[in-house]
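When you read off a place in the sequence shown, starting at 1, and then add 2, the result is the number in my numbering.
Because the hints were derived from the structure by calculation, they are not lab data.
Even for Gly, the Cβ is constructed at its ideal location relative to N, Cα and C.
A couple of the hints might just be wrong.
Stated by the list, open to error - So the derived label-pair ranges between C-beta atoms look like this:
{"hint": "1", "residue 1": "310", "residue 2": "90", "range": "52 to 60 angstroms"}
{"hint": "2", "residue 1": "130", "residue 2": "87", "range": "19 to 27 angstroms"}
{"hint": "3", "residue 1": "329", "residue 2": "169", "range": "25 to 33 angstroms"}
{"hint": "4", "residue 1": "26", "residue 2": "111", "range": "23 to 31 angstroms"}
Stated by the list, open to error - The calculated lysine to any residue pairs, modelled on SDA-like cross-linking and capped at a C-alpha distance of 20 angstroms, are:
{"hint": "5", "residue 1": "328", "residue 2": "282"}
{"hint": "6", "residue 1": "245", "residue 2": "281"}
{"hint": "7", "residue 1": "245", "residue 2": "39"}
{"hint": "8", "residue 1": "245", "residue 2": "234"}
{"hint": "9", "residue 1": "165", "residue 2": "190"}
{"hint": "10", "residue 1": "165", "residue 2": "22"}
{"hint": "11", "residue 1": "245", "residue 2": "104"}
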Amino acid sequence: MPYVLGVHLGATVTTAATARRDGGRWTATVPVPLATSGPVVPTVLCKVQDGSFVAGEAAARQEISHHEWVARGFTSRLGDDLPLVVGSEFVPAQRLVAAMIEWVSDAVTQRQGHPPEHIAVAHSSSWGPHRVHLVQQALAQLGITEVTLIPEPIAVALDYASKQRVDEQHPLVVANVGGSGFDATVLRRRHPTFEVVGSPLSTDHPSGQDLDDALFELVGEQFPAQIGELDPSDVNHRAALAKLRGECVRAKEALSHQAGVSMWVDLPGVRTEFGISRARYEQLARPHLERVPELISQAVQSASLRPDDVETVVLAGGTARTPMLKQLVAERLQTPPLVDVAPELTAAGGAALAAQQVLSTDTDRSSVAETSVLMRIEGFDTDDDVDDEPEPVERPPIDVEPMPIEPPDEARAKRMKIIKLVIAALLIAVGVVITFMTKDHSITGVMDLVK
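With the hints as extra help, turn the sequences into a complete structure.
Structure below.
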């Protein structure tokens, strides 16, 4: 049965969802298990001997013994002048982003038995047209051209609108506490999609990693000697450290629905359990989570709206499950936030819905494409063309509308600057010559009169 694929490429984790075409109708989106433990995999790549990449759990396992061949955090490096070093090779961030998307696509294709009709990728709201274009070029080099890129907040809003009626022009806020940062975006319903209102707010803090670090520091206070003796150059010590950080992540997730949890501490010289209650965890988390309502208010103000104008606040990301976060937002904004049963999967589901719209009708195609690459937000002219698209390699037939934008031509700017400096120098030299010639002529005339 034909299907579409939605991918949420997060800075720390990646998820996917599919929707099937049943005749003229689409079924509901369904998460795809990318890991043995569920649908969430770490956004991690490891380069192997043949030059290709493995991703997710397999890549994370290699980090302990072959960390120099493992890449993390590459989504935030997109557009940087300097590439990342992976093993002995310099690799641009867009190539790593494309490799992660390719891995997800291949994993789902193998599971389904055939490739998707279309892929939509939900990405960070901080990506502009230039970054999106870099990713599209890198995907085309891999033969992946049937792809739509949409900002993560729009994907979350699409998922919400598929479960709850949203009236035309209705404003809502999507706030996401991700693994490596926080973003809040005000959107307005413009059927069949959403448009961004004001300026999306993005910051590194608070984040899920902040909460992981708070738990790790608490454990460190209980076992300072053992943690202080860990040697990062020792493989066994790195493994123990990675296991302990994994325990912190597990405890954070469990404390969103349990009154307490036990963490297994396995360090050189000590093997024991360490218990922590939700009340103690909330004491650690409060300083971080208290910032969320204020940041949401700032995003609302950037859209020239009052808090009373926004009745719907959708929280996304795994941290959205934290009861204290929902309480803090409700108290400050005077409206209870909405949280999905699986808030870490909503962006992938929304991306699959966007892929549906691309295939539905020509009208839907233009509507999704208009918002899929932040064109309206960043004032991009959709009439421009992009040249020099890379030749795709053999792959299932796919096609994508090229990103109509060119990166700034820095070389041309430097050439113009040099030309201007040379012209200025020539003008100065001519002026000096004329001055000296004038002086000589004046003196000669005076001597003639004296004679």
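Here is what the structure says about each hint:
1. 310 <-> 90: 52 to 60 angstroms: holds, 58 angstroms
2. 130 <-> 87: 19 to 27 angstroms: holds, 25 angstroms
3. 329 <-> 169: 25 to 33 angstroms: Since residue 329 and residue 169 have Cβ atoms about 28 angstroms apart, the given range 25 to 33 angstroms holds.
4. 26 <-> 111: 23 to 31 angstroms: Holds - the Cβ-Cβ distance for residue 26 and residue 111, about 24 angstroms, lies within 23 to 31 angstroms.
5. 328 <-> 282: holds, 18 angstroms
6. 245 <-> 281: violated, 24 angstroms
7. 245 <-> 39: Distance ~16 angstroms between residue 245 and residue 39 Cα, so the pair holds.
8. 245 <-> 234: holds, 13 angstroms
9. 165 <-> 190: With a Cα-Cα distance of about 17 angstroms, the restraint between residue 165 and residue 190 holds, given a limit of 20 angstroms.
10. 165 <-> 22: This hinted pair holds, its Cα atoms lying about 17 angstroms apart.
11. 245 <-> 104: Between residue 245 and residue 104 the Cα gap is close to 28 angstroms, so the pair fails against 20 angstroms, i.e. violated.
Against the hints set out earlier in the document, violations occur for numbers 6, 11.
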